[in-house]
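Starting from the given sequences, assemble the full structure and let the hints guide the process.
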Amino acid sequence: LADTLMTEPGRKVTFHIDGDRWSAGPALRASAEELWDHGFLFDYVSDRQLQSCNIVEGAAETVGGNTYRAVVVPTCRFMPETTAQALADLAEQGVPVLYSGESAQEWDVPGFADLDKRRTALNEAVARLVVSSGFRQSIPIARALCGSGVQPETMQVGTGLRCVRRCLAGGTPAYFIVNRTDDTFDGWLLPEKTAPGIVLMDPWDGRAGYPLLETARGVRV
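Start counting the sequence shown at 39; every next residue gets the next number (the numbering used here).
Hints listed in this document are in silico derivations from the structure and should not be mistaken for laboratory results. Don't take every hint at face value.
[Said to hold, decoys possible] Here are the in silico distance ranges between beta carbons for each label pair:
# : residue 1 : residue 2 : range
1 : E99       : N161      : 26 to 36 Å
2 : A212      : S141      : 38 to 48 Å
3 : L228      : R67       : 25 to 35 Å
4 : E140      : N92       : 43 to 53 Å
5 : D154      : D75       : 39 to 49 Å
6 : G235      : Q143      : 49 to 59 Å
7 : F150      : G196      : 40 to 50 Å
8 : F214      : E140      : 28 to 38 Å
Remember, predicted model here, so these are calculated numbers, not experimental data. For glycine and all other residues, C-beta sits at the position ideal for the given N, C-alpha and C.
Okay, here's the thing in structure tokens:
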């Protein structure tokens with residue numbers, strides 16, 4: 039956000055992160071596509087959400103109860119000092135913080151208000167961040183995520199499928215799966231999360247039922 043606000047001309051900045059309408063910056067798009075191509079599920083979070091995170095069993099918990107096992111920071115030039123402090127707090131408490139750029143030491147604060155004071159705060163936060171065991175930079179994000187134990191959804195790799203995974207009450211996983219290509223998908227779906235049974239629900243017409251072919255690890259569609 040800070041990079042876009044500091045570099046976009048004019049007074050109006052419109053954000054799109056859907057399909058081909060990417061106005062939130064090429065670095066964000068590059069990181070998102072790398073995660074998609076390697077099967078990793080993710081959400082977009084704001085600076086305010088990062089600043090209000092709690093740590094629950096080594097994961098970052100946002101307001102509302104969503105938990106995340108890692109934080110990915112796309113390559114950027116401008117970083118609010120409060121966000122850098124939040125990232126340092128997360129990394130120091132065991133949450134992997136992965137930066138796709140070469141050096142967090144090159145960050146600068148956006149804007150000019152209280153510039154020296156905020157730059158000092160930013161430099162102090164970055165100094166804490168870069169020595170934290172959970173921090174990684176200048177490394178492919180997908181490789182770093184695998185090294186931190188985060189498991190991708192392999193059914194997304196090379197298939198054109200995309201999915202959203204949520205945890206229902208009691209811990210049962212629920213998937214929303216979409217085919218983003220023009221080709222019909224015919225094959226096995228092997229989700230990373232298992233459940234006692236599988237129910238297929240079609241969001242287009244409301245139909246629901248059990249799959250014709252099902253194993254303990256997947257379903258034929």
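Each hint tested on the structure:
{"no.": "1", "hint": "E99 to N161: 26 to 36 Å", "result": "28 Å, holds"}
{"no.": "2", "hint": "A212 to S141: 38 to 48 Å", "result": "40 Å, holds"}
{"no.": "3", "hint": "L228 to R67: 25 to 35 Å", "result": "28 Å, holds"}
{"no.": "4", "hint": "E140 to N92: 43 to 53 Å", "result": "30 Å, violated"}
{"no.": "5", "hint": "D154 to D75: 39 to 49 Å", "result": "42 Å, holds"}
{"no.": "6", "hint": "G235 to Q143: 49 to 59 Å", "result": "51 Å, holds"}
{"no.": "7", "hint": "F150 to G196: 40 to 50 Å", "result": "47 Å, holds"}
{"no.": "8", "hint": "F214 to E140: 28 to 38 Å", "result": "36 Å, holds"}
In this structure, the one hint that does not hold is number 4.
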